[in-house]
Amino acid sequence: MDPDIQIQVYASLGKLAAALALCITAMGSTMGTGVAGMAAAGAWKSCYARNRIAPFMLVAFVGLPLTQTIYGMIVMNATIRSIEANPSSIVLPIGGLVAGVAMGVTSWLKGRAGAAAAMALAETGKGFINYLMVLGVVETVSLFVMVFVTKAVA
Amino acid sequence: MFFESTSPEVVSALGKAGAAFAICFAAMGSAAGTGMAGMAAVVAWKKCYAQKKMAPFMLVAFVGAPLTQTIYGMIVMNKVLKAAEAGAMYHNLLLGGLAAGVAIGLSALMQGRAGAGASDALAETGKGFVNYLMALGVIETVALFVMVFITKAVS
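Here the protein sequences line up with chains A and B, keeping their order. Throughout, my numbering is defined as the position within the first sequence, counted from one, plus 162. Throughout, my numbering is defined as the position within the second sequence, counted from one, plus 1093.
Source of the hints: derived by calculation from the structure; they are not laboratory data. Nothing here was measured: the structure is a model prediction, and the numbers come from that model. A couple of the hints might just be wrong.
Restricting the straight-line Cα-Cα distance to at most 27 Å, the calculated cross-link-like pairs of lysine-lysine (BS3-like) are [as the list claims (entries may be wrong)]:
| no. | chain 1 | residue 1 | chain 2 | residue 2 |
| --- | --- | --- | --- | --- |
| 1 | A | 313 | B | 1245 |
| 2 | B | 1140 | B | 1220 |
| 3 | B | 1220 | B | 1139 |
| 4 | B | 1220 | B | 1172 |
| 5 | A | 288 | B | 1220 |
| 6 | B | 1145 | B | 1220 |
Anything over 12 Å on all C-beta distances counts as not near chain B; from chain A, calculated [said to hold, decoys possible]:
| no. | residue |
| --- | --- |
| 7 | 168 |
| 8 | 210 |
| 9 | 223 |
| 10 | 247 |
| 11 | 250 |
| 12 | 298 |
| 13 | 301 |
| 14 | 305 |
| 15 | 313 |
| 16 | 314 |
DEER-style ranges, computed between Cβ atoms [unchecked claim]:
| no. | chain 1 | residue 1 | chain 2 | residue 2 | range |
| --- | --- | --- | --- | --- | --- |
| 17 | B | 1135 | A | 302 | 26 to 34 Å |
| 18 | A | 274 | B | 1135 | 40 to 48 Å |
| 19 | B | 1245 | A | 310 | 15 to 23 Å |
| 20 | A | 263 | B | 1143 | 41 to 49 Å |
Note that the Cβ used here is the ideal one computed from N, Cα and C, for glycine as well.
With the hints as constraints, model all of the structure from the sequences given.
Written out as structure tokens, the structure is:
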């Protein structure tokens, strides 16, 4: 293959890995926010049906898996920077893709934990900080992936 | 081999296929989302009429919410098309457009599922419209982020 074309292909494949890092993370975020959103709607319904105060703070549990999409964007940018600096290697940017999967799974599971937290808070009205701490721990996994993988794909 | 072809026509066509994937997968998600929310709204209204309660017209907002993702898909499609017409290599356009379409479509699907729950809840209790809408807005934001951020990777 012509060396110029080869560089273009490598750059294109690197950008593909970057796009996948963002999109797979976003897929996890949609699953997470969706699951938590459904649970929050059910929890609010049960509060209204029993004439109890519906805690607005459930929105926080729904919104938490959104942050991973931002982390996905940061990894995507690092991957693009890496491929622009060294377009002859496609191996490194693939780390961005794997990071996307890791962060997407974290986001999805955070949404599931958020769903349980929403049900629990609506039923008892207590423990918001506890639930938030647990979700924070799940979040930390993706934060670690984002920070550490940025070094690996650089 | 097909995927090693560097003919400008093939490169451009494969890039454009990515643009088509972006809008079509987003639209599939929208179809599934609006369909699910629509079915739930019909059942919720039916329950209201059967119990001689007022049927809240605002359920239409929950049914329509996943529609916006098709617009986001179209915006991504335009970006991919622009890059394909400028002669960019197709790998990131083809599969990046596909991945963006799937992510946006999945957001529409999950928004429709949450909208279905919201329809049922609003029709039964008559309360919490703003809460449900906020939850749907959060799910929508994921698709919005994908649309905005993907620009760099499919250029």
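Hints, verified against the model:
no.: 1; hint: A:313 to B:1245; in the structure: holds (20 Å)
no.: 2; hint: B:1140 to B:1220; in the structure: holds (16 Å)
no.: 3; hint: B:1220 to B:1139; in the structure: holds (18 Å)
no.: 4; hint: B:1220 to B:1172; in the structure: violated (41 Å)
no.: 5; hint: A:288 to B:1220; in the structure: holds (22 Å)
no.: 6; hint: B:1145 to B:1220; in the structure: holds (17 Å)
no.: 7; hint: 168; in the structure: violated (10 Å)
no.: 8; hint: 210; in the structure: violated (4 Å)
no.: 9; hint: 223; in the structure: violated (10 Å)
no.: 10; hint: 247; in the structure: holds (15 Å)
no.: 11; hint: 250; in the structure: holds (15 Å)
no.: 12; hint: 298; in the structure: holds (18 Å)
no.: 13; hint: 301; in the structure: holds (15 Å)
no.: 14; hint: 305; in the structure: holds (17 Å)
no.: 15; hint: 313; in the structure: holds (20 Å)
no.: 16; hint: 314; in the structure: holds (18 Å)
no.: 17; hint: B:1135 to A:302: 26 to 34 Å; in the structure: violated (43 Å)
no.: 18; hint: A:274 to B:1135: 40 to 48 Å; in the structure: violated (29 Å)
no.: 19; hint: B:1245 to A:310: 15 to 23 Å; in the structure: holds (22 Å)
no.: 20; hint: A:263 to B:1143: 41 to 49 Å; in the structure: holds (47 Å)
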